[in-house]
Amino acid sequence: MTEGNTSFLTGTLELIVLQLLHAEPTNGYDLTLRIQAISNDVLNVNAGSLYPALYRLEQRGLLRATWAQSGSGRRTKVYSVTEAGRRHLSEQRASWERFSGALTAILRVT
Amino acid sequence: MLDRVRLRIRSVVLRRRLEREMQEEMAGHLERSTERLMARGLSAEEARREAVREFGNVGYLQEEGRLARGTGWLDALAADLRFALRQFARRPWTTLTMLGVLSVGLCISTLLFSYVHSYATLPPVGVAREDDLVRIRGGWSGGAEGPVGRDFPEEEFLEYRKLTGPFRAVAGWADAMVALDAGSDVERRGLDAKASFVTENYFSVLGVRPVLGPGLPARESGDATTAAVAVIGHTAWDQLFARSPDVIGSTVAVNGVPVTIVGVAPQRFMGVGMPSQFVLWMPLSAQRLVMPGPPGALRAAARLRPGVGAREATAAVQVVGARAAASGEKSRTREATTDVVPLLSVNGDPGFDRDVRLMSFSIGFLGLLVLLVACTNVSALLTGLATARRQEIAIRLSLGAARTRLIRQLLTESALLSGLAGAAALGMVWGVMRAVNRSIPEMPLELEVNRTITAFTFGVALTVGVLFGLSPALHATQLGIASALRDSTAMIAAARGRLQRGLVVAQIAFTQPLVVLLAAVLLIILGTYRPQSSTEHADRLVAVSLRPPRPITGEDSGPAGAVPEREVAATTHRLVQQLRDTPGVEAVVLNAASTPPPGAHVVYPADRVDGVPRQGVYLVGETAPEGYFAMMGIPLVRGREFTAGDARAGEPRAGEVPVILGADLARRLWAGADPLGRRLRPAGDSAGAAGTLVVVGVIDDPRARAKGAGEDYRVYLPVDTSRVSPRVLLRTAGDALPLLPAIRRVVQETAPGMAVQVSTVAQMEAVRMKYFRATSGGFTAAGLMALLLSAIGLYAVVAFSVGQRTGEIAVRIAVGARARQIAQRFVADGLRLSAYGLAFGLPASLLGLRFLLTLDDDIPQIGLAPVTAIAALGVVLVAVAAAWIPARRAAAVDPAITLRQP
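So the sequences go chain by chain: Z and V. For the first sequence, the positions run 1 to 110 when our numbering is used. For the second sequence, the positions run 1 to 902 when our numbering is used.
Calculated directly from the structure, the hints in this document are not laboratory data. This structure is a prediction, so every number in the text was calculated from the model and none was measured. Worth double-checking, as some hints may not be accurate.
[Said to hold, decoys possible] List of simulated lysine to aspartate or glutamate pairs, DMTMM-like, C-alpha gap at most 20 Å:
no., chain 1, residue 1, chain 2, residue 2
1, Z, 77, V, 24
2, Z, 77, Z, 30
3, V, 162, V, 339
4, Z, 77, V, 64
5, Z, 77, V, 19
6, V, 162, V, 132
7, V, 162, V, 312
8, Z, 77, Z, 24
9, Z, 77, Z, 14
10, Z, 77, V, 63
11, Z, 77, V, 31
12, V, 770, V, 539
13, V, 162, V, 200
14, Z, 77, V, 35
15, Z, 77, V, 21
[Unchecked claim] Listed below are several chain Z residues computed to face chain V (Cβ distance under 7 Å; list not exhaustive):
no., residue
16, 25
17, 28
18, 29
19, 46
20, 47
21, 48
22, 51
23, 52
24, 55
25, 56
26, 59
27, 77
28, 80
Where is the CB? At the ideal position from N, CA and C, for every residue including glycine.
Here chain V stands alone, though its shape is the one from the complex (with noise of 0.2 Å):
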C-alpha cells in the first residue's frame, strides 16, 4: 500500500522526468525497429515509416502511457489553467472586476473574522501563547445586570498561590492609575500612566522578557528601598526617553515617589487589561510605597501543571473561592464566583461569553452579508460570460468534450478567479492591518495575518469560487447543442436571463440590510460625538484636569478613589485661587460641566401663559459654576448668574433649583411672556415633590438646544457641591497655547502627585473632530462599498440584457420605436429588480435595525422608518443610475448596422 502511494507521488512529483524518460523509451523501440528493417533490405525511408507504422500512433500512445501512469488529470488540470488564463486575457476589464469585487468582498469578511478570531481567542498583546497559561478569574454571579468582575483580596490571592496541585505559578496584579513624571521639564511631568503592581513571577508566567534591563527583582523582599524600582512600557521608552539605552538606572517619579527603572517591556506589551499609553510594572510591595489608601485587589494568572486541565483547575480553586467568599463580603442578591479559563485579553470578566457570542454573532452576520452580496455579483458576472461562449461550448460539447469535461473547465475557472482574489485579499488584509497596528499602537487585540486568516480567506475565496462557478457552468453546459447552435440569441437570453436576475435581486436585497445599518451607525456616531459648536473663544480657554492616584479594579462598584473626595476638593479649590493669580489668565471657573446632576427628564411649566399648548419638553441638564457664562462668552439677556448661594449639597428631593435656560425655550414654554421667576414641574410629579425648576436667567447661546432630535434642550443648573470634580476651567487674554507650559507648572506645583491635563478647548475639539472624521469616513465609505457592488451587479445584468437583445432592439428602432422608449425600458426593468430586492430587504433591513437599537441602552434612538426610507432610496438612486448607462447604449443601436450582422 506504502509503495503504491510513494509511486503515485513519484508520478506526480517527477512527471516531466518520466515524460521525457518514455519518449526516450519509444523513439529507442522506433530505432531499433527501423535498423531491423532496413537489415532486411528496406531503405531507410521505408523501415522508418514501417516501423512506425507497426509501432502504432505514438501521440494516443503516450496519452495512453499517462494514463497508465495516473498523471492525466494533472496535465488536464494544467490544460484547463492554461485556457483559463486565456479566457480572462480576452475579457481583462470583466476579470479585472471580478477580481476587485471579489477580493474587496473577501477582505472585509476576513477582516471581520480576524478580529472576532483576535478577540475570541488570542491572549493579550505580546503575552505567550501556551496552552497551560490560564486566568484565575473571579466574578459575581447573580445581580440584575448578570455577571461581573470581581477582584481577589490579598488574602484570597495567597491561598491561590498554595494551590501547589494545579498550577505551576501562580501570579498577581494590582492596577492603579498614577501620575508620572519622566523628567523636569513641564512637559515629561504629571503624566497620566497606567502602574501594574505585580508579583515577582509575573513576567515569567506570562513569558515576557524585558527588551532592555534586567528587569524586576527576581525575589520580593519586605523592604521598601529595595522596591523602588520598575520596567517601563516600550510606548514610555520611545516616547519619553528616545530610546536611550541610558534609560536603565535612571530615576522618575510615580506619584512623586522617586523610582528607579531596571527594564524595558517589548514592543506592544501592555499588561494584561485596560490598555494605556504609559504603562509601568513595579513590585506589589511598592503599592504602599507610591499610592495612597488600602492596597488595591488583585487579578491572577497561573501556569497549569502538566496533565492538568481548566476543569480540574476550577474545581480547585473553587473551594478556596468559596471559604474566602465565606469569610469576606456577605450578601443575599449575589454569589462569589472563581474558575479557571485561559488567559485571553478579553476574558477577564465572565460576562465575556455572552459579550463575544453577540459580537461573533453581529459582526459574522456582517462580514457574511458583504460575502454574499460580492459573491451574487461575480456568479452574476460568470453567468453573463458563460453565456456569451454557450456557442464555443456548443462547438465543443458537439466535436465530443463530455459535459463533466466543460464543467469541469468552467469551474477551474472560476477557482482560479477565487484563488487569485483570495491572495489580493490577503495582501490587503496584511496592509489594512499593518495600518492599523501603526496607528493605533494601543490597539488591545493582535492583528496579525496568521496561519488560521490564512486557511480561512482561502478557504471561503475556493467555496464560494465553487458554489458559485457551480451554477453558471450547469447552465451554461445545460443547454442542448442543436439549440445553442440554432436560436437566436434573444431565446436563449429570456432563460439565461432568470438565474441572472434572481442574483441581483438577492443581492439587492442583501445590500438593503447592509445600506441601511451602516447609515444607522454613521447617525448613531452623529448623534453621540457630534462635536460641540465651538465657542468663538475656543483657542483662548483652556480645560485642566487633575486625575489623583485611584486603583483599577475588574468591579463596576469599585472602591473610591485613593485620595479623599475632600482633598481632592480643597487641591481644586487651591488650584482655582493658584490660577487666579497667574499672569495671562483673565478667569478661571470650577469645571463640573461633564457630570450633569439632573441626568434628562420630561418637564412641563407650571404656570402657563395663554395661547401656549400645555407641552412637555425634554431637557439635558448641565452644571454651570459661577462666573460661567461670563468666561464662555454667552450672553445673558435676561435675569441673572447663578451665585455661591445656589451651589447646592446632594440631590435636591423637594424645593426649588434654580435653573437658567435657553431664550428659544423660552419663548417656546411661555411666549412672549416674562420667563424670569417661572416653574418647572418635572413629569408625573404634580404635587410638587421632586423639587421644582425656577428659572433665574436666561442666556442667548447656540449651545442651550441640545444635540440630536429638536426636542431637547440643554439647561444649566447650579454646581452640587457635594460632587466637585477635579477640573477647572480658565480663560487667557490671548492665545492660550503659549502660556500651557506655565499653567501647567502652576498646576503641578499645586496638586504634586497627581497626574494633570491642560489642553486648551480648541485642541479637544480638535482630537474630538479627528475621531468624528476618521469614524464617519469609515462607515460612509463602507456604505459606499455595499452600494458599488450591487451597483456593479446591476449593471452587469442590464448590460448582458441589452448585448443579448441587440438586434430586437434594432428592428424596434427600425420600425420607429424612439431611442428614448427604448431605454426607458432597460431602466423600467432595472428598477423593477431592485424593487423586488426591497421587497426582501426592506424588511430585513428593519429586523437588523431594531436588533442594533437593542445592543445598547446608550444609543440614541432614531427613526426606523426615515432611516429606511433614506437608504432604500438611494439603492434606488444607485439602481437607476446602473441601469441607464446601458440602456443608454441600447438606445444608440444603429438598425442599419445591426441588423446587417449574421
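Chain Z on its own, in the form it takes in the complex (with noise of 0.2 Å):
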C-alpha cells in the first residue's frame, strides 16, 4: 500500500470488498489479488487490513462465508454477499457516487 492511496482505502475498503465478492464470490486471498488486478495495482490491500474487514462485514451479516475446495485441491474459505450486504452496498455505492461526483465537480472549478 503506498502512501498516497491509504486515506483513500480506509474508509471504501468496505465498498470495494462487497463490490468485488458481489461480482463474484471468492476468499480472501484471490480478492487481494483481484483488487491489486483490477485497480492496476493503485490500491494495495494487506492481509492485515482485509481481514478484519472481512470478519467484521461477516459479524454484521453483510457476507456468508463457506469452505469450499479450490481448483488445486486447497480447502479454502469463500465470501459471497447476503442479502442484507446487497442492500448496504447499492446504499453505500449511491451515497459514494453523490460523494465523488460532488468532488469531481468541485475539482473541476478553475
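Now that you have both chains on their own, put them together as the hints suggest.
As C-alpha cells, then:
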C-alpha cells in the first residue's frame, strides 16, 4: 500500500470488498490479488486490513462464508454477499457516487 | 436484528471452531503467497519470509479478527479467571479462609431466608403447589388481641360449598385429638393421634394421593358402617405397621370404635394445620361415630375456577359469611370476617400477615447482620491482598494496562471467590436441610433447595462479591505508579490501613449486637427450659396422663372437651384407686402440678417479726395433692401436709388458704421465728379482701426455690377440685421401667377410648434435657461462629499491619525497644478498634434486645445491662486474643535479618 492511497482506502475498503464479492464470491487471498489487478496495482490491500474487514462484515451479516474445495484441491473459505449485504452495497454505492460526483465538480472549478 | 443476535451467539458458542478456521484461513493465505513468490524465483525460505512480511503480524491480526468477531471479552474473561485461580493457588490459606467465612455467612443467611420463604409462601408439606388452591378463612376482628381465627359451623360451610361461581370445588375438615389403638399389645394402644374428619373431595382438592390403598370413598354416604374407614399417615404406617402393605383392610380402633384402614398418605403429608406424629383421615360422617359430643366446626380449602381471583372469591364468601354471622353468634365486641387467601401452611389465622411481617423483619435483619459481618471480613482480607499486590499492580499499570482492565481483573477474582462460596454455601444449606427434615419428621414446613433459594444464594453471593470487591479494587489501583514503586511500605500502609480498619470497626459494631442477641436468647432458653432438679426418685416416679378425645379448633376459646369434665374427673379418681391396687406401686396421687391456680404474685408477710425488714416476695404457686411430699420424698420439717379438708373448689376470693413453703423462704420472712400459722397477704390488699395465705407446713426442698432470678419462691397450695386435670403421679417400689406395661394396661382398662401417656419422670427429664441441650447448643454455636468471624477480621487487620510495618519494628528493636512494648502497641491498636466498634455496637445491641423482649410477654425479663456488658467483655477478650497472635510475631522481628533485606 503506497502512501498516496491510504486515506482513500480506509473508508472505502468495505465498499470495495462488498462490490468485488458481489461480482464474484471468492476467498481472501484471491480477493487481494483481484483488488490489485482491477485497480492496476494502485490499490494494494494487505492481509492486515482485509481479514479484519471480512470478519467485521461477516459478523454484521453482510457476508456469508462457506468452506469450499479450490481448483488446486485446497480447502478455502469463500465469501459471498448476503441479501442484507446487497442492500448495504447499493446504499453505500449511491452515497459514494453522490460524494465523488460532488468532489469531481469541485475539482473542476477553475 | 434477529440475524445479528444469531451471529453473535454463534461467535460465542462456536468460538473454538471459528478460531481454528481463522488460523486455517490465514495459514492458507500464507501458503499461497509463498507459492506465488517461489514461482517468481525466490527460494522456499526467502519466499516464506517475504510472504509473512507481506501478511503482517499474524498474532496481532488474529487478535484483530477476534475483536472483529466480538469475542475478545470472552478471551479476556477466561484469562482473568485463569489469573484469579493462579492467585488463589499462591495464597491457599487466605483463599480458604475467605471461602470459609463467606460460605458460612451465605449459608446462615440462606437458611434464614429459606425458612422465612417457606414459612411465608409454601402450602403445607405434601399439598399441591397450584395457584388455584385457596383457603376460605374465617376470623374474628375487633377483639382486644387483634384478629383471631374462626371455624365454620356446618351450616355456614355448606353455604360456601354452594358457591359454584368462584369455586370449582370446596373441601372441609374438622380436626380432633383421638385415642388410637393400632394393635392388641400395650405399647400400641391408647396412642395420641390427630384425626381429620374430611369431606369426600378433601384429597383431590389438596392434590394428594394415597401412596397405598384406594383411599376414602369418593362419595359420602349417610351409612355409619361404611364411614368407619380411615387413611393413615405415613409415620403411623412406618412406626406402627412397619410399612407392611397388608395394612390395607386391617382394623384399628379410634376412640374405641373399630375402623378399617383404606389408605396410607404420602410421606410427610400431615394435613393442614397442627402437625402431629400420628394422623388419620376419616369421612366427615365418621365424626358422629367416633367422637362424643356435638360435631366440630370446619375449616375449608377450595379450588378457584379459571379466571377467578382471590379478590372476587373473597367478595363472594363475605356475603355468605355476613349472613351466617347475622344468624349465629351475636357479639358487640368482635365481628366475624371471611376471606379467601392462597392455601399456605401458616395463614390459617388472620393474624398471620402481621406475624410474617414481624418474623421476616427480625430474621431478615439477623441474616443481613451475619452476611455483613462475613462480607466485611472478606473485604478486609481482600484489601490486605490487593495491598500486598500493590507492586505487581503498579508494574502492570506502568506497562500500559488500563486501570479499568485491572479493576475488572480484581473484580473477577472477588466474583469468582463469591461464586465458589455460593456453591459451597448451597451445599451446606442442602446438608442442613436434609438433616433437619430427617431429624424432625413432623416439621410443618417444607425446607428445600429450590430455584428461588439457589437464585437467592448466588444473587447475594455475586452482589456482595462485586460490592465488597469493588472498594479494595478501586483502592489498590488508585495509587500513582511512581509512588507505589518508590514509596516505602510503611507510608502506604497507613493509607491502605484506614479502609481496612474502618471495615473491622464496622464488623465489631455488627458482631456485638449479634452476640448480645444470641446470649439473650440463650439466657431466655435457660430460664424457660431449665430442667427441674430431679428428685432422687426420678426413675421410680411415673407420670400418667389421660387425653380424652377433643376437637381441635382454630379459635382461642374453643368448646370444652368432648367428654364432660365431671366424667373425666370421675375416671381420674377411679384410676387413682385402680393404680393403688396395682402390684409394685407404692403411692399414687392426683398430679395437678401443671395448673398453678394462684399464678404468681407479690405477697407481704401480714405479721412481722422484729429485726426483719418489711419485704415483699415474688411467689410461683404450684398445687400439691394430698400425700404429694411423702411420695416425692420431700421432707416436711414443720407442720403438716395438705389433707382432704384443705381442698378447695374454685378461686378463693376471701378467707384463708393454707400454704406450704420452703424453709429458706420461711427463714427470709420470719428469721428464726416459728413460721407456722403466719400469714402472707397479696401486695396492695391491706384489707385482706383477696384472701390470705396461712402457713401450715414447711418443707426442706431444693425445688422450693423457684427458677430464674433469685427473688422467685415456689409455694405449694392445695388442690382445686374444680380443676382436676386427668393426670396421676405414682411411685413404684423399685425401678419403674419394667412396670410401665402393666401400669399402661391398668390405665387403658380404666379409661377406654382415651389416649394414654405413661412415662417415668426420669424419661421426661431426659427428653427435656435433650431438647434443652440441642437448642442451647445451637445458639451457643451460632454465637461462637459470630465471634470467630470477627476474630478473623481483626486478626487479618493486625497481621496486615504487622506485615506492613516490619521494617519500622526492626528499626525500633534495633534502637532498643523491648519486644514487650512492641507487642503491647499492636494489641492496644486492636483494642482501640474494638472500642470504636463497641461504641456503635452497644447502643444497637440495647435497641435489639429491647425489641426482642417486647416480642413476647412470656419471655422472662432478663437484665439488659449485665447481658450487654458480658457480651461486650467477651467481644473485647476475643479481640485481644486475635490481636495478640500477630502482635507476638511483631515482637519476634529480628532487626539483623529484616533490615538487611531491600
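Comparing the hints with the structure gives:
1. Z:77 x V:24: holds, 9 Å
2. Z:77 x Z:30: holds, 11 Å
3. V:162 x V:339: holds, 16 Å
4. Z:77 x V:64: holds, 18 Å
5. Z:77 x V:19: holds, 13 Å
6. V:162 x V:132: It holds: about 18 Å lies between the C-alpha atoms, which stays within 20 Å.
7. V:162 x V:312: holds, 16 Å
8. Z:77 x Z:24: holds, 14 Å
9. Z:77 x Z:14: At roughly 18 Å apart (the allowed maximum being 20 Å), residue 14 of chain Z and residue 77 of chain Z satisfy the hint.
10. Z:77 x V:63: Measuring from Cα to Cα gives roughly 19 Å; hence the hint holds.
11. Z:77 x V:31: Cα-Cα ~14 Å, so holds.
12. V:770 x V:539: With Cα atoms ~17 Å apart, residue 770 of chain V and residue 539 of chain V stay inside 20 Å; holds.
13. V:162 x V:200: Answer holds: residue 162 of chain V to residue 200 of chain V is near 15 Å, not above 20 Å.
14. Z:77 x V:35: holds, 18 Å
15. Z:77 x V:21: At roughly 9 Å apart (the allowed maximum being 20 Å), residue 21 of chain V and residue 77 of chain Z satisfy the hint.
16. 25: Interface hint status for residue 25 of chain Z: violated (15 Å vs cutoff 7 Å).
17. 28: Interface hint status for residue 28 of chain Z: holds (6 Å vs cutoff 7 Å).
18. 29: holds, 5 Å
19. 46: holds, 6 Å
20. 47: Holds: closest Cβ of chain V sits about 5 Å from residue 47 of chain Z, inside 7 Å.
21. 48: At about 4 Å, which falls below the 7 Å cut-off, the nearest Cβ of chain V leaves the hint on residue 48 of chain Z intact, so it holds.
22. 51: This interface hint holds because 6 Å falls under the 7 Å limit.
23. 52: With Cβ-Cβ at 4 Å, under 7 Å, it holds.
24. 55: holds, 4 Å
25. 56: holds, 4 Å
26. 59: Holds - the Cβ of residue 59 of chain Z comes within 7 Å of chain V, reaching about 5 Å at its closest.
27. 77: This interface hint holds because 5 Å falls under the 7 Å limit.
28. 80: This hint is violated: residue 80 of chain Z lies away from chain V, its Cβ roughly 15 Å from the closest one there, beyond 7 Å.
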